[in-house]
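Go ahead and model the full structure; you've got the sequences and the hints to work with.
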Amino acid sequence: MLKEGMELIDAHFKNEGISRRDAIKMFGTSGAAMLMASGATTEANASSSAVKAKILIIGGGLAGMSTAARFTNSLENPDITVVEPGDLATSYQPGQTLVGGGIWDKSELVYKTDDFVPNGVTLIKEKAVEFDPDNNTVKTSGGQTLKYDYMVVAAGLKLDFARIEGLGIESTITTTGDHSAVSKVVGKNGIASIYFQEGSKDTWIQMQKFIADAKSGKKVKGIFTHPNTPIKCGGAPKKIMYLTDARLREAGARENADLTFYPNGSKMFGVKEYHDAITNQFEARDMKWNFRHNLVAVDPVKKIATFNRHWNEKGAWDEDLEEYSIIPRSEKVERPYDFLHITPPMKAAEEIANSPIGSSKGWVPVNKESLQHIKYKNVFALGDIAAVPMGKTGGSARKQYKVVVDNIISMMEGKELTSAYAGYTVCPLVTSIGTVMLAEFDWTKKPTPSFPLDPTQERWIWWLLKVYALKPMTQYGMLSGRA
Amino acid sequence: MKKTTIVLLSVATIFGLNGCGNDTPSSPEAKTYAKTSQEVYQQSCKKCHGENAEGITKKKAPALNDRQAGELELDLYDVKNGGTNQSSGTEHDIMEHNMQKLLDKGYDYDPKSMAEYIEKNFYKNEETKAASDTE
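Residue numbers (our numbering), protein chains in the order written: chain S, 1 to 483; chain D, 1001 to 1135.
Keep in mind that the hints were calculated from the coordinates and are not lab data. Fair warning: this is a prediction, and the values are worked out from it, not measured in the lab. Hints should not be assumed to be uniformly reliable.
Within a straight-line C-alpha distance of at most 30 Å, the following computed DSSO-like cross-link-like pairs (lysine-lysine) qualify [as the list claims (entries may be wrong)]:
1. D:K1120 / S:K415
2. D:K1035 / S:K446
3. D:K1124 / S:K375
4. S:K375 / D:K1120
DEER-style ranges, computed between Cβ atoms [unchecked claim]:
5. D:L1103 / S:S330: 23 to 33 Å
6. D:T1032 / S:E126: 42 to 52 Å
7. S:G434 / D:G1055: 48 to 58 Å
8. D:N1121 / S:D276: 36 to 46 Å
9. S:T122 / D:A1063: 41 to 51 Å
10. D:L1103 / S:K314: 12 to 22 Å
A virtual CB, placed ideally from N, CA and C, is assigned to each residue, including glycine.
This is the structure we're talking about:
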């Protein structure tokens, strides 16, 4: 069916005298052009507000910078400060999968934070280390005390490779910050992770070695993990596996490789339609999976991954439940690998998790629709650090930053908070080189396609979207606060 | 029909123009529940989580009165959906299992409304907790 669709699209272009290459170009530029045009319209129509307030944004990644840009567009007298220590924090993270699969070069991902600071916004290149929301102040690593009327927390998350034993990693890292603690072992000897920028480049190097081994006739094993914590971009652990499969096929070496997905959970996707579609795609590609396996240790020398395999056993009758209780069981299992793609456990930064604005699980607890903090009414959170179900994607941040800005402006004007996030998330699931399943969904746990096309099908058109349009859309639309 | 052209255009239009903040979620009709959150709590939850959501150690059921609605809602969402993420799994292995059984028995609820019910009736913040501890 997929082949049919591709031929159909090709035929359409051919009829119009357009080659696929031209179509790609046209698509990329028209998408961006439309965005810029629409941005201008939005700007002209936006009623700018004359209210004044000191706005402090913690974090200058995609979520924080887009928020700053929209405030700048919407306020007549903006007074906005962004606290962000990372020089590359604003980088395009969704492209890391493509770098890991050898489709993009790492240089295409790198955005300098400095280049995306909206006019008039103050950037403080320090870390926010102490939060005192009762007095509306934040202390920075450089010893400054910053006062605010409204605070937006968009500090992202930390990659916690240290929780995996045997790697010799003791500290957490961020996706675009100093990665030396991790890259001394991840990105070498068959261990890879696309979850940090440098690691995505190393993933492609390791993958090529793995493919070369398979091509030389060696029987090789590839293992792909998914941890027991919420993670950013829930689809990436699978996307890199699909790309490994595609590259092996391209090399004519697929039959020598055994590829297995080991997630902690027991589903491919929270939405049944997508779960079923992915299961079928895995089967069609001879990609294997073993649910309920959480990576707990790696022996990089012997090349063995240790998982905590967990299951439930029937227990005694429970009168209150009127049902048999269950007893959780687990055991350690060892699996040899030649190529190991690690999706690390993730968590909120300690200085935020343990502060008054944090929570028992670390994430900043907010009303999931208004994105307002549950205790401190002048604090909002969005992006990876916000405690909302699903989310933690660029696609959800793209919806959330508008909600945050609109609600804070309403508050400044003494109005009700009417803007609401509905849980929209999009996962452009790369299923091969040339196909993507555009999995859009929200808290209803149903597919919520933006287009009148079966959302469970892999399509070349979504590949074009992922590879050519989403980056300019992010750059010109989102980071300028427009779309 | 030039299906491709239509799709290309709508991609640009939808992704480009929906920046105006008027997105309406294309969700189906709102789900309705046979019982109110209060009924579900009083008929089922309290047997293990306690009269005042204080938790019952013997039942290995944690307190639910130590978190505000926003935080509790995320936990209830995790329990009902077996996780909040694609393949991470749930942070409540036992309760996820029990919840499926309870859903079969008709104890379904909206996580937001249940979290609000529990906060409104049972939530103990640090001040009230300190006060009740010294009583």
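Hint check:
With a C-alpha separation of about 24 Å, the suggested pair K1120 of chain D and K415 of chain S falls inside the 30 Å cut-off, and the hint holds. Between K1035 of chain D and K446 of chain S the CA atoms are separated by roughly 23 Å; this keeps the pair inside 30 Å, and the hint holds. A C-alpha spacing of about 13 Å is found between K1124 of chain D and K375 of chain S, which places the hinted pair at or below 30 Å, so the restraint holds. For the proposed pair K375 of chain S and K1120 of chain D, the alpha carbon gap of about 14 Å is at most 30 Å, so the pair holds.
A C-beta distance of roughly 25 Å is found between L1103 of chain D and S330 of chain S, which places it inside the suggested range of 23 to 33 Å. Between T1032 of chain D and E126 of chain S, the C-beta spacing of about 50 Å keeps the proposed range 42 to 52 Å intact. Distance hint for G434 of chain S and G1055 of chain D: a CB-CB separation of about 53 Å, consistent with the stated range 48 to 58 Å. One distance hint, 36 to 46 Å for the beta-carbon pair N1121 of chain D and D276 of chain S, holds here, with the actual separation near 40 Å.
Checked against the hint of 41 to 51 Å, the C-beta distance between T122 of chain S and A1063 of chain D comes to roughly 43 Å, which is consistent with it. Separated by about 19 Å at the C-beta atoms, L1103 of chain D and K314 of chain S satisfy the suggested range of 12 to 22 Å.
In terms of the numbered hints stated before, the structure departs from none.
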